[in-house]
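Could you slot chains B and C onto chain A? The hints should help.
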Amino acid sequence: MSLLDVEELAVTFPVEDGPDVPAVDGVDLQVEAGEIHGLVGESGSGKSVTARSIMRLLDDAEVSANRFDYRGEDLYAKSEAEMRRIRGDEIGMVFQDALSALNPVMTVGEQIAEVVRHHGDVDESAGLLSELRRKYVTGTSKTAPSWRRAVDLLETVGIPDPEAVATSYPHQLSGGQRQRVMIASALGGDPSLIVADEPTTALDVTVEASILDELQRLCDEFDVAILLITHDLGVVAETCDSVTVMYSGSVMEHGRTDQLFEHPAHPYTKGLLRSIPEQAPADGELTTIPGSAPEPADRPAGCPFRDRCPAAFDACSEPLPEHAVEAGHTARCHLYTEGEGPSEVAWDGVAGVEGETNGAVDDADATADRTTATEVTDG
Amino acid sequence: MSTDYGGHGSDEATRVFGIRVDRFERLHETVTSDYKAAFGLTVVVAFVLAAIFAPELAPYDPMAQEYAIMQSPSLSSAHPLGTDSFGRDLLSRMMHGARISLAVGLAAVAIAAVVGVGLGLAAGYYGGWIDDALMRFVDVLWAFPWLLVAIMLVAIFGQGVWNVIAAIAFAYIDDFARIARSEVLSIREEEFVLAAKNIGLGDREIMLEEVLPNAVAPLIVQFTVLVARAMLAESTLSFLGIGVKPTTPTWGALLGQGRSLIGQAWWISIIPGIAIVVTVLGINLFGDALRDAFDVRGEGGTP
Amino acid sequence: MGLQRYVLKRTLQAVLVVYVVATAVFVAVRSVPGDPARLVLGGNARPEELAAVRDELGLDEPIYVQYFDWIADLTRGDFGQSIFTGEAVLSRIAGAAEPTLSIGLVGICIAFLIAIPGGIVSATRKGKWEDYAATSVAFLGVSMPSFWIGIVLLLTASTFVPFLPSYGYASISDGVVTWLSHVILPGLAVGLPYAGILTRMTRSSMLEVLSEDYMQTARAKGLPPRNVLLKHGLQNALLPVVTVAGILFALLLGGIVAVEVVFGIQGFGRLLIRSIERQDFPIVQGSVIVISIIFVFMNLIVDVLYTSINPKIRYGSEA
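Protein chains in written order, with my numbering: chain A, 1 to 379; chain B, 380 to 682; chain C, 683 to 1001.
Hint data in this document are derived by calculation from the structure and do not stem from the laboratory. C-beta atoms are modelled at their ideal positions from N, C-alpha and C, and glycine is treated no differently. A few of these clues could be false.
[Unchecked claim] Computed Cβ-Cβ distance ranges for the label pairs, DEER-style:
#, chain 1, residue 1, chain 2, residue 2, range
1, A, L128, C, E959, 50 to 60 angstroms
2, A, L128, C, Q948, 41 to 51 angstroms
3, C, K691, B, A489, 33 to 43 angstroms
[As the list claims (entries may be wrong)] Listed next, the stretches of chain C that the computed footprint assigns to chain B, with coverage defined by at least 3 CB atoms under 8 angstroms from CB atoms of chain B:
#, region
4, 827-840
5, 942-955
6, 966-976
Excised from the complex, chain A in its bound form (with noise of 0.2 angstroms):
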């Protein structure tokens, strides 16, 4: 059974005088116990929805989908009581700008040690009164349970000098610290699958490359699955196990990472991978999927895609269908159903993307088995 298993996922957000945007349209999504799963796709594509459904924090939308389960247990069945249990304790999240999502009146280890004591590891009270008097009035005491271990969790993310981190400011920090602190205090209530927003999206590359090893640590040492969101085919291909692939509003691809690397089968997938700077010919272009994603309110009937497809044909007005290209990899794409149109895609003036690649598909191979350790120095 898969840790997270969504089917069907729909969303969409109404809108004051004017018709309601379907922000995600039927998505399937499957996360399974301690891998890294990564979602991608363009802005817009949905994913951040996608992962805010998660967490049932999309108060203003209508969420609707055939299965939400997570452990087998539908989340939206459960009372906001029940939820909010989950939230921190079963599922962590990390969001992508670290200076908003932080409270910039709250010391980072205040920030950590609240979950903690939240989810009651600690022998500590998290009522009301007693957070209050801790914020207002005392501070957390260094000697408290819950700040020992929040400090530990510094330090576990990768933070040197934890215990002084621990009583600063966000606003004190540089940008690869507050990441990782975020980190840290998705940590904080032990949970099974961590949710990461695009977390490193705000960062420089160097640092870049060190949260996303520290995730990878996490993952191994701590027996939790990350649903990692990113628009960076590259940190995919760095980082995670197995991926789904989105595209304004629906599922074009999922998969291995190897697999969908090696053996792209999607058009929009392979126009992504062909557009990665490392995938480019030694001696061609950059080469760049034209047009734009459309807005929800203007998708194509059918695949969103199929405007911007090279291989688009009549049948692409039809509902979106489900191909397997191998064990665990799937297309949805027109293209696959027996008898109909074209069965290869090539874009135009570049060789298909098999047998032409460098880098990336080595990386993917390197995911697989995760024992290449790049050390980076910290950011």
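Relative to the frame of chain A, chains B and C by itself:
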């Protein structure tokens, strides 16, 4: 503190005095649908009309004393709002008082606006030490409670309308300066300003013709709101006897005069008091409607 | 810079501003057309008296000597004597200060007690009746002059709560309950308009905070809503409110003075008004300076308070 009213002068919407025409439509919509705004507008209009046409509309001469009917209660046939202890008709006095209150409010806020906006524009536009110096000056201004200034002026020059105007204007300069300055800062680097500079328009022209029109909306809202506050301030001063001269019938003064008679002739104090509250409330409501229509985000509800 | 250095710097600035005010007063008095001595003594002074005052004020001496003496006197605490009682101005003012301070204090407390919970409820229940009610009350409060509220309270209180005295003041040394009973109505009259503004400010600040990312993080941690609101949101929301509260102290003053007149309280405000009526210039002048000192230092306290609760300013960026 930045305001957002749907784009600055670089878009093609038609504008009247710098405010996009569709904002007026929104205002119209708000006023016709929201009863609070409608009430506000009605009050404002009634007040302004009473003030302007007081000499024609008032049934009696506000100064005419009729000893025969001193302190007649309100709702008597001849004097709907009663008379004061000198036999002067309260309704007429109140209508004339409206005039003066309105004039004082407008004058004080207008002066504050001109000076304040001038300072703010200059500070924001030129930046550097001018900005620092001007802002320091403005800071000192707001360390000064207006009451203080009023007191000094009265102590030296005696009572009178101009003292009140000066004191109140003094207190509001900093409000306008701040708004103008922050508007300028947010527009200063926009393209159309730089374009104007390139054409060779002088600083003053740029400020007046390019920058100022975009700042009009928040300034108008602030103006309205401050007129209400000015009227409150003037009423307090007159009530205390350190505002206008004793015979001038502003509402605050009427209230002050009636205070000692509250037992026998309660209407002399209560009615002008109600009038003050209703009028100020109306102006505030209207100001709020303006703020919504013109899409101005104020500094968190300083009314 | 550390908190202590900041406090020191602001204090020095404050003192400087006070001297600037004193200088402004000096200039104002000297630049009035006519004779400053007449100003001090009032219109009916006799020539000998005028001459005496002129001598005392050193008006025949060069202006910089006058100025120097003036500043020196002020620093020593010598603000002149009342024309009517001959009493030293400063001690006269000090004697009348207690009632005024009491009313001010009660007013501020009432204002905060209404505004902060009111603003929070208003923001969290935006659009619902609680919001509507709170906003309307705030609006009304802001549209009513303090003295009017005082008058209304006087009239209605005698009907509904007759045990509350409607006149005069009792010092706190006469018993806290007595003191409170005298001070509560004037305090309410002063505090309500202030509460109105603060409620709206708290509401809008809270609304902004509620939409901030870190509030979502707190929810994502599974914390109960009350914790999220009060522990994570409140302090952030209060920061701008504190700033505005300080700026608006000036509003209070006008109210307190008027309210003292309404309730017949022999406080500083009353003293001020009567001194103006009687043209007791030294007291008026002294009062102006005292008031500015109070205001400058209140702003200082608010500034320091703000700095100490805002870690971004207090600790700066050390990364």
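The hints, checked one at a time:
1. A/L128 to C/E959: 50 to 60 angstroms: Between A/L128 and C/E959, where Cβ atoms are some 55 angstroms apart, the hint holds.
2. A/L128 to C/Q948: 41 to 51 angstroms: Hint holds: Cβ distance 46 angstroms, inside 41 to 51 angstroms.
3. C/K691 to B/A489: 33 to 43 angstroms: holds (38 angstroms)
4. 827-840: It holds: at least three residues are needed, and the region 827-840 of chain C offers 7 whose Cβ sits within less than 8 angstroms of chain B.
5. 942-955: Answer holds; 4 residues pass the 8 angstroms Cβ test.
6. 966-976: Since three or more residues must qualify, the claim that chain B covers the region 966-976 of chain C holds, with 6 doing so at under 8 angstroms.
Consistency with the previously given hints is maintained throughout, with no hint failing.
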